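Fit chain B to the known structure of chain A by using the hints.
Next come the chains, spelled out residue by residue.
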Amino acid sequence: MPHSNLTPEPTDTRRQSFGMASVSEFLAQCPPPTNLPSNKWQDIPIRFLFDKDVAIVDPDTPIEEASALLIDNDLSSIPIRAAKGSDDIARVFDYSDLTAFLLLVLHIDDAKEATDAYRKLSQEVQNGTPITAYQVAELGKNKDPFMTVPATSTLGDLAEILATGIRRVAVVDENRKILSIASQRQLIRFLWTNVRAFPALEPLMSRTIHSLDIGSSDFICINGDKKVISAFRQMHETGIGSLAVVDSQYRLLGNISLVDVKYVTRSSSIYLLNRTCGHFLSVIKSEQGIRAGKDSAPAFNVYESSTFAFTMAKVVATQCHRLWLVQSPSCPPSPKSSNSHLMPGSNAGLKVNQLLGMISLTDMIYVILAQTKGTLPQPTARIGRRGSTSSGRSHSKVSMDSSYRR
Amino acid sequence: MLDLDELIERIQKKELIAEVVIATLCSLAKETLVQESNTVQLSTPITVVGDIHGQFDDLLEIFKIGGPCPYTNYLFLGDYVDRGFYSVETILLLICLKLRYPQRMTLLRGNHESRGVTQTYGFYAECVRKYGNANVWRHLTELFDYLTLSAVIDGRLFCVHGGLSPSIQHVDQILVMNRFREFPHEGPMADLMWSDPDPSIQEFALSPRGAGYSFGERIVDKFLHSNKLDHILRAHQLCSEGYQVLFDDKLSTIWSAPNYCYRCANLASILQIETDQSRFFNVFDAAPNQPTLGEILKYQQSMASSQSIAEYFL
Numbered sequence: 001m002p003h004s005n006l007t008p009e010p011t012d013t014r015r016q017s018f019g020m021a022s023v024s025e026f027l028a029q030c031p032p033p034t035n036l037p038s039n040k041w042q043d044i045p046i047r048f049l050f051d052k053d054v055a056i057v058d059p060d061t062p063i064e065e066a067s068a069l070l071i072d073n074d075l076s077s078i079p080i081r082a083a084k085g086s087d088d089i090a091r092v093f094d095y096s097d098l099t100a101f102l103l104l105v106l107h108i109d110d111a112k113e114a115t116d117a118y119r120k121l122s123q124e125v126q127n128g129t130p131i132t133a134y135q136v137a138e139l140g141k142n143k144d145p146f147m148t149v150p151a152t153s154t155l156g157d158l159a160e161i162l163a164t165g166i167r168r169v170a171v172v173d174e175n176r177k178i179l180s181i182a183s184q185r186q187l188i189r190f191l192w193t194n195v196r197a198f199p200a201l202e203p204l205m206s207r208t209i210h211s212l213d214i215g216s217s218d219f220i221c222i223n224g225d226k227k228v229i230s231a232f233r234q235m236h237e238t239g240i241g242s243l244a245v246v247d248s249q250y251r252l253l254g255n256i257s258l259v260d261v262k263y264v265t266r267s268s269s270i271y272l273l274n275r276t277c278g279h280f281l282s283v284i285k286s287e288q289g290i291r292a293g294k295d296s297a298p299a300f301n302v303y304e305s306s307t308f309a310f311t312m313a314k315v316v317a318t319q320c321h322r323l324w325l326v327q328s329p330s331c332p333p334s335p336k337s338s339n340s341h342l343m344p345g346s347n348a349g350l351k352v353n354q355l356l357g358m359i360s361l362t363d364m365i366y367v368i369l370a371q372t373k374g375t376l377p378q379p380t381a382r383i384g385r386r387g388s389t390s391s392g393r394s395h396s397k398v399s400m401d402s403s404y405r406r
Numbered sequence: 001m002l003d004l005d006e007l008i009e010r011i012q013k014k015e016l017i018a019e020v021v022i023a024t025l026c027s028l029a030k031e032t033l034v035q036e037s038n039t040v041q042l043s044t045p046i047t048v049v050g051d052i053h054g055q056f057d058d059l060l061e062i063f064k065i066g067g068p069c070p071y072t073n074y075l076f077l078g079d080y081v082d083r084g085f086y087s088v089e090t091i092l093l094l095i096c097l098k099l100r101y102p103q104r105m106t107l108l109r110g111n112h113e114s115r116g117v118t119q120t121y122g123f124y125a126e127c128v129r130k131y132g133n134a135n136v137w138r139h140l141t142e143l144f145d146y147l148t149l150s151a152v153i154d155g156r157l158f159c160v161h162g163g164l165s166p167s168i169q170h171v172d173q174i175l176v177m178n179r180f181r182e183f184p185h186e187g188p189m190a191d192l193m194w195s196d197p198d199p200s201i202q203e204f205a206l207s208p209r210g211a212g213y214s215f216g217e218r219i220v221d222k223f224l225h226s227n228k229l230d231h232i233l234r235a236h237q238l239c240s241e242g243y244q245v246l247f248d249d250k251l252s253t254i255w256s257a258p259n260y261c262y263r264c265a266n267l268a269s270i271l272q273i274e275t276d277q278s279r280f281f282n283v284f285d286a287a288p289n290q291p292t293l294g295e296i297l298k299y300q301q302s303m304a305s306s307q308s309i310a311e312y313f314l
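Chains A and B supply the protein sequences, listed in that same order. Numbered continuously in UniProt numbering, the first sequence closes out at residue 406. Numbered continuously in UniProt numbering, the second sequence closes out at residue 314.
Keep in mind the hints are simulated off the structure, nothing from the lab. Possibly wrong hints are sitting among the right ones.
Claimed, not checked - With a cut-off of at most 27 Å between alpha-carbon atoms, the simulated DSSO-like pairs for lysine-lysine come out as follows:
id, chain 1, residue 1, chain 2, residue 2
1, B, K130, B, K30
2, A, K84, A, K141
3, B, K14, A, K351
4, B, K14, B, K30
5, A, K226, B, K130
6, A, K143, A, K52
7, B, K13, A, K227
8, B, K222, A, K294
9, B, K250, A, K294
10, B, K13, B, K64
11, A, K52, A, K84
12, A, K285, B, K250
What the hints assert, rightly or not - Cβ-to-Cβ under 7 Å is the rule here; a few derived chain B residues that face chain A:
id, residue
13, G155
14, P184
15, H185
Computed from a prediction, not measured in an experiment: that's the story for all the values here. In this text, a Cβ means the ideal position worked out from N, Cα and C, and glycines have one as well.
Looking at chain A on its own, in the form it has when it is part of the complex (with noise of 0.2 Å):
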């Protein structure tokens, strides 16, 4: 029997994400806010994603320390600006850039690699040279390019660059001085603190993610076996920030991003390169538990059953820069029963939390947009596989190894 994504919607409020009679009970736990100048999320000024001051470094700022900035303040970026004492932004240092930093100073050495920039700095590095951010920051692939908006913008103007993939926006006052970042996380979160204040966003809240066909099975997996040199290689060549790492059935079992190169770049810590990337997993988690003094999941995910509000408060909540999609459980197996940890899944052939697909941020701005603009396609019972959604986003990917793509 062909194995199909037809799956009916939940009935049972047991399986409904948040666990009470309704997204909308739930929502109504908290007032709406009464501050805000609109109730039309679209037209409110971008001045209400302000948060804190944004750092930007100088040319001659050295690696090190730019690097020590960018890890110590869980910033994703750092503008660098043309000259001292100018408002211009020349290039932008993020993790991309360190992480093929690192690469350039181990001598992974790639034929690829071909640029003269890469073979002076790499003979830079040889000579003892002391390097910049600067020099560094056009090492990364696939960067986004540095963008500003004017302060006069407002949320549905963010929204429409947000939509096409485009990470973060700098905000800028008629002068060109930036005045603050705006960004993917931002956004999404500034709307679901305040989503009461939207009314016409209500109706998306409780669509299942698998009314909304949202998400894309356009991500690269990992085996836990493999190293993690070989992750941060793949991730540098492929220009894709982050990677699921799977078991040899792709069952989820985390995910390593260029961010966690932070985790590498003590020269004593180096040696984690030569680990397989499910013993990075445990680094990584375990690291982020003791900080926290709480543990966290291994992994962010949501089902084909979660709501699109549970999607966002899950992001919200994790902080996190996408959700796995994955198989979730069917109904339990008696008591006492088989001694096998797997459960069958719904679907012939699926297996609990196996790796369905990613949902980003991109991916829910770009439905919230389409929900406002009212092209988001009625909820219809989908067959055949599962497919991307945003068929607007001009940000495609590189193909990639194709015995790890799902």
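Chain B only, in chain A's frame:
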């Protein structure tokens, strides 16, 4: 026939117990545990213990401080494994004590008593390291499926590893759950193991842990009132002072792993409850014979390749 007393002695000396013995222990323990309700009814006097996380020397200290089982009744709130280096010894000792004195020892399930979590946080790796394969891990994680979820002491003190769930307003709802399985990261069973109290909110919010919920004082009030309870006892969160009391003495967190991961320098506690229901947090520090930082680093690097890297980073 297993000689539990002899086995207990050997485990206390950290002797490696054969896989076939562990398989037998698990099989026997399942028979005992399967009869327990999802909410076990217990009586004072009783000593309640929080997370242990494989810190076996500290577990032995707990029995010195609180008194040996069976002369003291014990309720353990879960999280026996992961992180510490002696998770195997820890869980085996507790299982043996459960088999030997079933009325004196109650073991709840924590969020770390799970296949997925133990693969990430160290128990799986420890089993493979000590036994060369994953069989012992399989036996023990199957046993975890049988551990009960909650307890009520003297009909007034509700005990669970994590916290409350938006799906559970009445303790009766816990009784009808099927607990004999690996639990997913969503749903009432997961919530009981993963949730945390949060003094900054009043109701429920999704947890930053990626499983379970954060819950506020209003939720605690409702739960206690609906179920005619006085207090919630739970573990699950690191407390630098060994314990924390919240919400006007309506909820307590007990943490029993001192100097967590051999580096956090925190205190730990066990909660001693007398027959008049008075509660005493007995606070203690780490046991002697802790691994040094040097030993830990050496252990972590034991399979490292010897690459010499220039000191380019901090």
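Consistency of the hints with the structure:
Of the supplied pair hints, the one linking K130(B) and K30(B) holds, its CA atoms being roughly 23 Å apart against a limit of 27 Å. A distance of roughly 26 Å separates the Cα atoms of K84(A) and K141(A); the hinted pair therefore holds under the 27 Å criterion. Taking the CA atoms of K14(B) and K351(A), the gap is about 37 Å. The hint is violated against a cut of 27 Å. Note on K14(B) and K30(B): the hinted pairing holds, with a Cα-Cα distance of about 23 Å set against a maximum of 27 Å.
The hinted pair formed by K226(A) and K130(B) meets the criterion: a straight-line CA distance of about 22 Å does not exceed 27 Å. Distance hint between K143(A) and K52(A) is fulfilled; the C-alpha atoms sit about 23 Å from each other, no more than 27 Å. Restraint check: the Cα-Cα separation between K13(B) and K227(A) comes to about 36 Å, which exceeds 27 Å; the hinted pair is violated. Between K222(B) and K294(A), the direct Cα distance comes to roughly 25 Å. Compliance with the 27 Å bound is thereby established for this hinted pair.
For the proposed pair K250(B) and K294(A), the alpha carbon gap of about 21 Å is at most 27 Å, so the pair holds. Distance check on the hinted pair: K13(B) and K64(B) sit about 15 Å apart at the alpha-carbon level, within 27 Å; holds. Pair hint K52(A) plus K84(A) holds up; C-alpha atoms about 22 Å apart against a cutoff of 27 Å. Restraint check: the Cα-Cα separation between K285(A) and K250(B) comes to about 31 Å, which exceeds 27 Å; the hinted pair is violated.
Taking 7 Å as the C-beta cut-off, the interface hint given for G155(B) is violated, the closest approach to chain A being about 26 Å. Satisfaction of the interface hint for P184(B) is found here, the shortest Cβ-Cβ separation to chain A being roughly 5 Å, below the 7 Å cut-off. The interface hint given for H185(B) holds, since its Cβ lies 5 Å from the closest Cβ of chain A, which is under the 7 Å cut-off.
The structure fails hints 3, 7, 12 and 13 (numbered hints given earlier, in ascending order).
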